[in-house]
Amino acid sequence: MATSRTWAVFKREFSEQVRTKMFIIGTLFGPVMIVAIMFLPLLFLRAGGGSERDVVIVDATHTGLGDEVATALALPMLAGGQGGPVGPGVYHTDVIDIDATEWEATRESLNQRLEAEEIDGYLYLPPRVEDDAEALYVGKTIGIATESEIRRAVQTPIQARRLDEAGISQEIVSEAMRPVSVAARKHGKEGDAANPESLFIFAQLIAFSIYLVVILYGQAVLRGVLEEKRDRIVEVVLSSVRASMLMFGKIMGIGAAGLLQMAIWTLFGAVAMTWGVDFLRERGQQVTDVVPDLGPMVAVAFLIFFFGGFLVYSALFAAVGAIATTDQEAQQLSFVPMLPLMIGFFMMFAGLTDPENSVFRMGSMVPLTSPMVMPVRVAMTDVPMGEFTLSVALLIVTVGAATWAAAKIYSIGILSTGKKPTMAEVWRWLRTA
Amino acid sequence: MIELVGVRKTFGGKAAVAGLDLRIPRGSTYGLLGPNGAGKTTTIRMLLQILEPDSGEIRIGGEPVTRDRLDRVGYLPEERGVYKRMQVGRLLSFFAETKGVRPADSKPLIRQWLERLDLADRIDARVQELSKGMQQKIQFIAAILHDPDIIILDEPFSGLDVINQQVLKDIVVDLKRREKTIVFCTHMIDQAERTCDHVCILARGEKVVDGRIADVKREHGGTHVRVAFEQWNGDAVHIVRRAPSVESLHEHGQELEVTLRPGGSPHELLEHLMTQNLRLSTFSRIEPSLERIFIQRVGATPEEMAAQYAASAEEREAECVRAATKPRRSLWRR
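For the record, the sequence lines run as chains A and B.
Those letters in the first sequence? Residues 1 to 433, by our numbering.
Those letters in the second sequence? Residues 1 to 334, by our numbering.
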């Protein structure tokens, strides 16, 4: 029976895929990798921000401003600095009071100490810095974080003094500046389901996993087709299995392996998160729910677009494998499916900062990018049903067209060895009835 | 019985197979012969539904070919490869399953065949760990594991080492004894002559001759007689040359190879020579080789044709693709 033959192909592809080292390693370390890619930049920044600095504060104001600045710098978190992604550095300060006329000489010696690496930087507070004179910080290195921290440390006491002069007490100021809490919630759910931070992370996870699985398994399809062609296996197989069925079984088998891997990842992730949240709560930490309750719509969108995306892209990768005659050619040609995939991925980022972004919205409709974009959009905002349906319909049509075209190219290309066909020839293959 | 009626396949304007009629009797050992480029592989690919004919009909056992029917066919293509990273046992099980044999049923068969070909201990090895010769044996097993009724072997001996040639021959003899239909596709005409009982010779996509080997030789080879005299002399040769039934003759040392006119019988010639008082030491009827028939009918040796074909090989590659891709107008119209 035809189905049993396709089934044999499916089983072979699945079991061979699952037995590869790449699958086993990927399944075990995939989640670690995804988290690493997402959080590594942040992690690096935090790690770097926590460094210690020895700073000399040279105070020529004769008003004791230097000590106030030193206090401000020593505070772990400056007023208004909350919520910033970057942690403050630790500053060890040393305040010297001088006369402005001594500055040049002091500067000279400080520069020497800086070069000798005895200190990391110095801050000069000239007379009349409260009015219009410019404070100066010289450091071995200047980063955005350092600059903003120093600026705040200088500003805070000066602003306090100005307010004081105007007769406004510190108490009134801090009462006036007391932060107002604003809770951001996605509309559409009862109560306060999703907080934006976890929504943001979760949406990114969705897009990342779709992107990763499509790339990994789409290329597995490509390699499989190429192997059959290059190692002359295909003719034996085609004497039993129709080319289109061979392609179908192959894509499905490899796709099933990808799905299995994702299921394992999800399970890992769910267990790790539950366990991690419990762990933190036991230690008295305030933890918001990491997995936002997004409702069934997101799950449905995820499944539809994951499958659709995988089918479209693996059909394209299969066609590329059938056209190419060598690994190198395949590599060159695979930019054709890779390009829209990457565009979709970047569109997703546009949507993370602003879900109403028009490029993002357009990307959620265009079939080749919608698999990456639409699930994220559904997670972030309420997508009108009409748009969602249209996007799904477009995707389904594209799946049909891509599979049809790929099957065509595949069934002819896989038997033609020798030179790489020209685009005109590939076009002719498509027109073959 | 496999039947092809008016089967035609054109690649880019050139007919690879030009209206071929064939009958391959059940249980026969059938040689599909001809130089490279004659259309053998294309014919086989159409039979196996890898390619679709432009026109014509192919039947097995009187019925159109279906995938289920092809389950009873085993195929060893000229370009044969296997999944190198698979384990031998799993690979064979996969090939059997594509022919409709469930893994549970193919398991004992795989064991039997591996034992028979001294590979029993390699069942869990990956194919790429095996020697080339062992891989070739795995390929034969894959072609016949499902105990097909029809076995198609395309250039089975090309690239085989001597030992494996013998292994394959033994298997073929065994299959023949079990009355399987065996189709040999080869350009080595003399080799097929020894193995086959039926042949079809192809050249440029067309059938040159076909039928039982004995019939082919009788009908198409003309009648040849070997003559030698007790005493060799020019007069005797002259007498033979002028005999009424003789068309041409070749001298081979002290022997003559005589080709008779169509309709001429050796008996007539013998009677004529007796009346001329020639003392003969040898008078025997000889059969022409298939190769001789090929040359006679096509006007070139198989090697010459293959060389011509090879010269245009590059062009042909492109054509194959174009061929497969040419829009089929007839279908559009329908």
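Hints in this document: simulated from the structure, not taken from any laboratory.
Treat each hint with caution, since some may be false.
What the hints assert, rightly or not - For each label pair, taking beta carbons as the anchor points, the in silico distance ranges come out as: (1) A:T381 / B:D105: 53 to 59 Å; (2) A:V32 / B:R67: 19 to 25 Å; (3) B:V173 / A:T326: 39 to 45 Å; (4) B:T195 / A:G400: 48 to 54 Å; (5) A:T381 / B:E52: 46 to 52 Å; (6) B:R126 / A:T326: 32 to 38 Å; (7) B:Q128 / A:A263: 49 to 55 Å; (8) A:G400 / B:T66: 54 to 60 Å; (9) B:D105 / A:A263: 52 to 58 Å.
In this text, a Cβ means the ideal position worked out from N, Cα and C, and glycines have one as well.
Each hint tested on the structure:
1. A:T381 / B:D105: 53 to 59 Å: 56 Å, holds
2. A:V32 / B:R67: 19 to 25 Å: 46 Å, violated
3. B:V173 / A:T326: 39 to 45 Å: With a Cβ separation near 41 Å, V173 of chain B and T326 of chain A satisfy 39 to 45 Å, so the hint holds.
4. B:T195 / A:G400: 48 to 54 Å: Once the Cβ atoms are compared, 50 Å apart, the range 48 to 54 Å for G400 of chain A and T195 of chain B holds.
5. A:T381 / B:E52: 46 to 52 Å: This hint holds: roughly 51 Å between Cβ atoms.
6. B:R126 / A:T326: 32 to 38 Å: 23 Å, violated
7. B:Q128 / A:A263: 49 to 55 Å: 31 Å, violated
8. A:G400 / B:T66: 54 to 60 Å: 26 Å, violated
9. B:D105 / A:A263: 52 to 58 Å: Check failed, 32 Å falls outside 52 to 58 Å.
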